[in-house]
Amino acid sequence: MREVKWYVINEDNVDAIMAELDGKGIAVGLYALTGKGYGNLGQNFSDIRALVQQQQAIILAYQNYYKQNDTPKEE
Amino acid sequence: MKLSLILLLIIALMGFSGYVYYTETQKTITILNENNAKLEVAIQSSEDALESLQGNIKAMQEENDRINKEYANIRKQNGLLASKLERLDLGAAAVVNPDGIGKAVNLGTINAGRCFEILSGSELTEYERNAENAKIFNKECPWLWPGPNPSGVSGGEPTETD
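Heads up: the protein sequence lines correspond to chains G and L, in order. Taking the numbering used here, the leading residue of the first sequence gets 14, the next gets one more, and so forth. Taking the numbering used here, the leading residue of the second sequence gets 93, the next gets one more, and so forth.
These aren't lab readings, by the way, just hints derived from the structure by calculation. Be a bit skeptical, because a hint or two may be false.
[Unchecked claim] Sample of chain L residues facing chain G (criterion: CB under 8 Å; computed from the structure):
1) 101
2) 148
3) 151
4) 159
5) 169
6) 175
7) 177
8) 179
9) 183
10) 186
11) 194
12) 205
13) 208
14) 209
The beta-carbon is built from N, C-alpha and C at its ideal position, and this holds for glycine as well.
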């Protein structure tokens, strides 16, 4: 996965973080989320992960089913 | 003399009728036997097909039960984050401890991304292989921990401590 770095900013540290980014030569335009928005993003991520796991469970079930039914029966 | 001739004719006619009846009956018996043999083959085929279908249905039910169990686990796993978020006020936490929260969310993001990689078939890193428990393995998806001697990734039931 590509790197994602979060900056947690409040009234007290906003200037320090701006200065830090400025010092690194990064254009100081930030994309912000509230605590609630961040929580929702995390929850959405978790939902997608759950969906991937569900799909994997289905694929595994099909695989097991066909393996079981491909076994030749004794006459 | 005339009566004898008539009797002889009647006897001959009866004999002929008996012969015809016998041969026709034998033919019918042969046909019925052949039909019976065909029916026995058809019944055997039907029984084989029925047995095969019953086997398929049983296998399908087993897999369905397994999927339902797996889905229940996945729902539990997915609910863990929701209940964690309910207990936390991330906005307030960011006001009080921005550095700590910043470290936590960055680590959480890395771990969550790693969960996707593992689910997509990525090989475990040395750190993950040597993890002594599920929490050390990955805090965001500890249920993917394959155990102390990993031979593959499988989802398990989450615990309250996950």
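Each hint tested on the structure:
no., hint, in the structure
1, 101, "62 Å, violated"
2, 148, "6 Å, holds"
3, 151, "5 Å, holds"
4, 159, "5 Å, holds"
5, 169, "7 Å, holds"
6, 175, "11 Å, violated"
7, 177, "4 Å, holds"
8, 179, "11 Å, violated"
9, 183, "3 Å, holds"
10, 186, "5 Å, holds"
11, 194, "4 Å, holds"
12, 205, "3 Å, holds"
13, 208, "6 Å, holds"
14, 209, "6 Å, holds"
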